[in-house]
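**Student:** With chain A's structure known, arrange chains P, H and C with the ligands on it following the hints.
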Amino acid sequence: MAEVTMAKALNNGLRKSMEDDPKVLIMGEDVGKLGGVFRITDGLQKDFGEDRVIDTPLAESGIIGTAVGLAIRGYRPVCEIQFDGFVFPGFDQIVSQVAKMHTRSAGHVRMPITIRIPFGGGIGAVEHHSESPESYFAHAPGLKIVSCSNPSDAYWMIQQSIASDDPVIFFEPKRRYWAKGEIADAPDPLHISRVVRTGADVTVATYGPLVTTALEAARVAADEGHDIEVIDLRTLSPFDMPTVLDSVRKTGRLIVVHEAWRNVSISSELAARVQEKAFYSLEAPVLRVTGYDTQYPPSRLEEEWLPNVDRILDAVDRTLSY
Amino acid sequence: MAEVTMAKALNNGLRKSMEDDPKVLIMGEDVGKLGGVFRITDGLQKDFGEDRVIDTPLAESGIIGTAVGLAIRGYRPVCEIQFDGFVFPGFDQIVSQVAKMHTRSAGHVRMPITIRIPFGGGIGAVEHHSESPESYFAHAPGLKIVSCSNPSDAYWMIQQSIASDDPVIFFEPKRRYWAKGEIADAPDPLHISRVVRTGADVTVATYGPLVTTALEAARVAADEGHDIEVIDLRTLSPFDMPTVLDSVRKTGRLIVVHEAWRNVSISSELAARVQEKAFYSLEAPVLRVTGYDTQYPPSRLEEEWLPNVDRILDAVDRTLSY
Amino acid sequence: MTEHVHAVHPEPDMIQLLTPEGLRVEHPDYPLEITDDEIAALYRDLVLVRRIDTEAIALQRQGELGLWASLLGQEAAQIGSGRALRAHDMAFPSYREHGVAWCRGVDPLTLLGLFRGTNLGGFSPYEHNFNTYTIVIGAQTLHATGYAMGVMRDGAVGTGDPDRDTAVLVYFGDGASSQGDVNEAFVWSAACNAPVVFFCQNNQWAISEPVTTQSRVPLYRRSAGFGFPGIRVDGNDVLATLAVTRKALDDARSAQGPTLIEAFTYRMNPHTTSDDPTRYQLADDLETWKLKDPIARVKAYLTRQASTPSGFFDDVERESQKLAEHIRAGCRALPNPTPESIFDAVYEEMPAELREQRDEFVAFVESIEEATV
Amino acid sequence: MTEHVHAVHPEPDMIQLLTPEGLRVEHPDYPLEITDDEIAALYRDLVLVRRIDTEAIALQRQGELGLWASLLGQEAAQIGSGRALRAHDMAFPSYREHGVAWCRGVDPLTLLGLFRGTNLGGFSPYEHNFNTYTIVIGAQTLHATGYAMGVMRDGAVGTGDPDRDTAVLVYFGDGASSQGDVNEAFVWSAACNAPVVFFCQNNQWAISEPVTTQSRVPLYRRSAGFGFPGIRVDGNDVLATLAVTRKALDDARSAQGPTLIEAFTYRMNPHTTSDDPTRYQLADDLETWKLKDPIARVKAYLTRQASTPSGFFDDVERESQKLAEHIRAGCRALPNPTPESIFDAVYEEMPAELREQRDEFVAFVESIEEATV
Ligand SMILES: Cc1ncc(C[n+]2csc(CCOP(=O)(O)OP(=O)(O)O)c2C)c(N)n1
Ligand SMILES: Cc1ncc(C[n+]2csc(CCOP(=O)(O)OP(=O)(O)O)c2C)c(N)n1
Ligand SMILES: [Mg+2]
Ligand SMILES: [Mg+2]
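Protein chains in written order, with my numbering: chain A, 1 to 322; chain P, 323 to 644; chain H, 645 to 1017; chain C, 1018 to 1390.
Treat the hints with caution; some may be incorrect.
[Claimed, not checked] The list that follows gives simulated cross-link-like pairs (lysine to aspartate or glutamate, EDC-like), each with its CA atoms no further than 16 Å apart:
id, chain 1, residue 1, chain 2, residue 2
1, A, 250, A, 227
2, A, 23, H, 798
3, A, 277, H, 997
4, A, 23, A, 50
5, P, 355, H, 920
6, A, 33, C, 1046
7, C, 1264, C, 1046
[Said to hold, decoys possible] Only part of the chain C face toward chain H is listed, based on derived beta-carbon distances under 7 Å:
id, residue
8, 1195
9, 1200
10, 1201
11, 1233
12, 1234
13, 1242
14, 1244
15, 1300
16, 1317
No lab work stands behind these hints: they were computed from the structure.
Glycine included, every Cβ here is placed at the ideal spot set by N, Cα and C.
So that you can see chain A by itself, here it is in the shape it has in the complex (with noise of 0.2 Å):
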């Protein structure tokens, strides 16, 4: 099968699902006549017409909240924020209104909203373009959290989040979006981890955009004589703890990776579940390779401030000398 950009594999996904569902709409900032930002809808109004491809007036709060309302009347509506760092007007209707509605009326009333986050630095970008929210959202309960790293994940994922009768946020890597690859015949299930390299020495945990990242570090540990093995997280909540496990009773070791910001974050937490149900499997402390306690900073820094190969492999030397 030819081989698509992630950008095209999300946007194939997206026609997808609007083909096989009526109640299916696409509403945010752009994502009409201009395809979007990053041109992931695009094509789509043209095709499906403005009821089904809105353009918002441009309020987060409004795109969330009034979804909230499209899912009560029965619509399985399709959010997009245009980058990471501009969901937070629309925070209060994420984690007051759509993660809670579904308990609030005692499982009366679903939000199966999905919520698309270009996220991640990378890009050369200026303030609030580059950021990882991931964590913010994954301390709620009532939403469920994903995110992609390459074109086949890409379509079957954004195409699973929708089907979801629970709320989904879809994080996408946006420096990944012109990455080419193939689509799989038939998806995995949407909240499972999958091992992309086996390896028997150290485990790298990531998602998203580090996935490449942690692979190309594992070709060169391989070189330096370690044998990385790589997991790509998938879902971030609920995690897919046995997947985790397994590999790290295996190798003992785990370093989990992210853009994000270290404190209070996805891999605070991966560590502190790796170190409760593998505790005697541990022959080094859970390493943790972030973005550091800092703002994103301008873009001349990005590549030092980002988790990188060298930093990577850094990690595994540390985790490899206890």
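**Tutor:** Then chains P, H and C with the ligands, alone, in the frame of chain A:
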């Protein structure tokens, strides 16, 4: 010295700050004539006038956003958020403006804003009135997060927070507002944790409303022959790691206790750090006694849901069984 | 030196069809054809929802409810607007709309769970087309707008078919008008001409803050600048509220877009049972507003102007007694939730890790219970 | 069946003092006493800020900047309003207000850091009373309102002392008008009568969305319902913008409260250098708006109506050349930030744990550099 309630201690602390510095303002919903729904600002508008104790329109983003502007103009705003669950409409202004303005302006602009949030459960309230949102904020660089557990700390820490040139989110354990205590003659530094009970067997680290609970558990455990050390964390961002690590190196066992949801929380971070920094000292995994990863339940079930003496004792047994 | 804003005129251009003295007046834009029997039915509603309120307050005092948000004084605003709804219209309440719930056919006991702490709402919005209460101020205005967008996409506006055309009615307070969400709901509904009616009960207070803290001009004027009409109605006049809401809902159903209604009324009780209004409210104001009581004027009309059958008032009183008993007995009988129910509806599909937490929780609670037994 | 809203009339009640053809017209409410020299000075501003823009776009194309948000077409809106400010007034820009920065005396190079990626703003708002750019749409309107509340508390409004009375001017776009924050800023400033002027540059687009996506009625009408006046000015007319803003700022300084100004203009370039407007914009519109160019009309006036000294236009052109060289050379010479600077201004007081992270980071970066050397 006479004992005062935490509510009164906070009131006295706020009054002292206002007397000491004419740039200190109080702003929020119902903080004026009513003195706040918990009466923490009781009498302050009468004594300092409507220009310094401001009943604002009903919108949290507006409260925080105007505080940012006042801070730029050289003021020191103290914002009251009426209940924990109502801070989220102001989330964007907090994480994207309050937290970032200092970095954005390369240090030229200071954000000496204090955001007071009565938090936590146990008061038999309705939805959104019993939450513990501190973990969301601890993820964000640029913010400092503290919580008091007793009247003396309340009195001193609120003044220190207001005097801080960095923004501080000040979490007040609302169910302890009416507990009494003496006020110390002088404060500890704001960002230190405190061992409030020394013990040799297990360290229990907690903050805010559950310090009292942890001390109770320690007393019961003592009867059962277990010697518990209790740490009142006080500062949640930054952490005071030396205090925690010293204790864990001594006891070899740590239980982190908070009402907040477990997933991606304060306790995740403490567990992650401690297993890294005290790997060889730990005789058992760091355990966590927290709110469950569900919505805060209807009040008839909150006693079951909240961490309590039984749940802490159970964790003590579990950690000692390693 | 003149300010850009002048003092708020207390009651500008307010639509009134029944004076506080119980006299019917006509308004050219809001003709209301209504029989005396229908007015009597409204009277019954008013009395019964006030009774629900009285009983709930008593139950709170007895410790049966943790909290109650009283509707006293706002009965006409709620019954007038609630009775303007058709069955397939949808209502989005805030947390004080017990009277609207009544009009929708929601059993008052259904509302008590939230205040008793046995659930967080816990009912289906679909059963009576009445959404669960929303406590975060203003959030529901966006939900209503989104729902109305769904109605449009379902082709259920402007068809001329009364069984099909659907409107959405959303309630919020004067304080809520300051929230970003409410103003965004105005933006959205105007931009897409959504069939939604914004019903603002201006009860003069947001807890301790008078409405002048929110705005120095009348709230009904807010909408014009967003591109849709606003109107102020005497919120203590059930007839005017009915007429004005009916017209706005008709407009919405016939694809003419949103309307903002400001129902000018007064919160005659504390904000909730936890509040102490002596700190901020003048007793005088309460006295003035007592003269405008929403029920007294209907009774005056029925007594003096209409040929109300003898015995009607007694019947209503008997019904009110029965309702009170239903509430008192029913409240105490509300089932306590089981601990494991906390985990039930977090997700539609419960993740394995949460199931694990639930099982641990249930086992732990049981172990404690056993130990205590 | 009529909708509540009718189509937007394109240019209602717009204040204009200089026609596109360069003819001075009078407006009774906005008399403007201005000498030809002063108009020539405005012309110089307009030309120079357009030059800044042109150079920045070129620098972006050459890879020296990561991004640029062009002000092309909006020069008059920015210069007219910016020149209405007094030194001690405060301006809060969005991200496109390079022309306002110019009026405040900010060196254009200071603005480039953000777009080059060497800093996130990086300058002191106090130096020129011009705040750093705000990228989150609308957030700055609340900052401006809060700042204005501070001005009031400093006793710097309504004293009659021109060296003391202070106004605040905040910029935002037509798209931003939909954000909750902007509407909350309206609520706040109206409620406390703050000395703030809201300057909305309606450039007809929010990236690809026409202003009709946000509102079907003119934006200047938004404020009336909040309780303060709104006015639409020809944003391509530097004289009208100056006069209208001056009046609004004067009102603010003299304690008459806020004003909303909608400057009706057009974004003549893509949203930013990353945008592709061929996907959504009609070329025709651009042609129409070219005829209303903000600079051409001033030049026409100066050439035809005023006794502009010969050589003036050449002088401006020379100055523009020098400015271009300053920008080109200065941009390339902007210092790259050091890695450790990332940690410098996270806090005023750096916590020990962050210091530790910084030291590890610096050591690591150095070790990599050594390894690479
Ligand atoms: C976002 C948010 N902030 C604060 C509160 C606390 N609160 C509950 S009711 C209320 C006042 C609401 O006033 P209004 O909108 O006039 O409604 P009313 O209670 O008068 O019916 C406040 C501040 C809340 N529920 N939600
Ligand atoms: C909260 C937020 N959401 C989305 C964006 C992305 N964004 C940047 S500019 C823009 C359009 C702004 O339009 P307008 O307010 O009219 O200003 P203009 O760019 O036309 O000057 C958008 C959607 C943002 N910066 N902030
Ligand atoms: Mg009210
Ligand atoms: Mg625009």
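**Student:** Evaluate each hint against the coordinates.
**Tutor:** Hints and how they fare:
Distance hint between residue 250 of chain A and residue 227 of chain A is fulfilled; the C-alpha atoms sit about 12 Å from each other, no more than 16 Å. The suggested pairing of residue 23 of chain A with residue 798 of chain H holds, with an alpha-carbon distance near 10 Å, which does not exceed 16 Å. This hinted pair checks out: residue 277 of chain A and residue 997 of chain H have alpha carbons roughly 13 Å apart, not beyond 16 Å. The hinted pair formed by residue 23 of chain A and residue 50 of chain A meets the criterion: a straight-line CA distance of about 14 Å does not exceed 16 Å.
For the proposed pair residue 355 of chain P and residue 920 of chain H, the alpha carbon gap of about 11 Å is at most 16 Å, so the pair holds. Restraint check for residue 33 of chain A and residue 1046 of chain C: not satisfied, since their Cα atoms lie roughly 41 Å apart, outside the 16 Å limit. Between residue 1264 of chain C and residue 1046 of chain C, the direct Cα distance comes to roughly 9 Å. Compliance with the 16 Å bound is thereby established for this hinted pair. Hint status for residue 1195 of chain C: holds, given a least beta-carbon distance of 5 Å to chain H, under 7 Å.
At its closest, the beta carbon of residue 1200 of chain C sits 4 Å from a beta carbon of chain H; the interface hint therefore holds under the 7 Å criterion. Because the closest C-beta pair between residue 1201 of chain C and chain H is about 5 Å apart, less than 7 Å, the hint holds. Interface hint status for residue 1233 of chain C: upheld, as the beta-carbon distance to the closest one in chain H is roughly 5 Å, under 7 Å. With its C-beta approaching chain H no nearer than about 4 Å, residue 1234 of chain C sits inside the 7 Å limit, and its interface hint holds.
Against a cut-off of 7 Å between C-beta atoms, the interface hint on residue 1242 of chain C holds, since the closest Cβ of chain H lies about 4 Å away. Evaluation of the residue 1244 of chain C hint against chain H yields a held restraint, the C-beta minimum of about 4 Å falling below 7 Å. Taking 7 Å as the C-beta cut-off, the interface hint given for residue 1300 of chain C is violated, the closest approach to chain H being about 26 Å. Checking residue 1317 of chain C against chain H: minimum C-beta separation of about 35 Å lies over 7 Å; hint violated.
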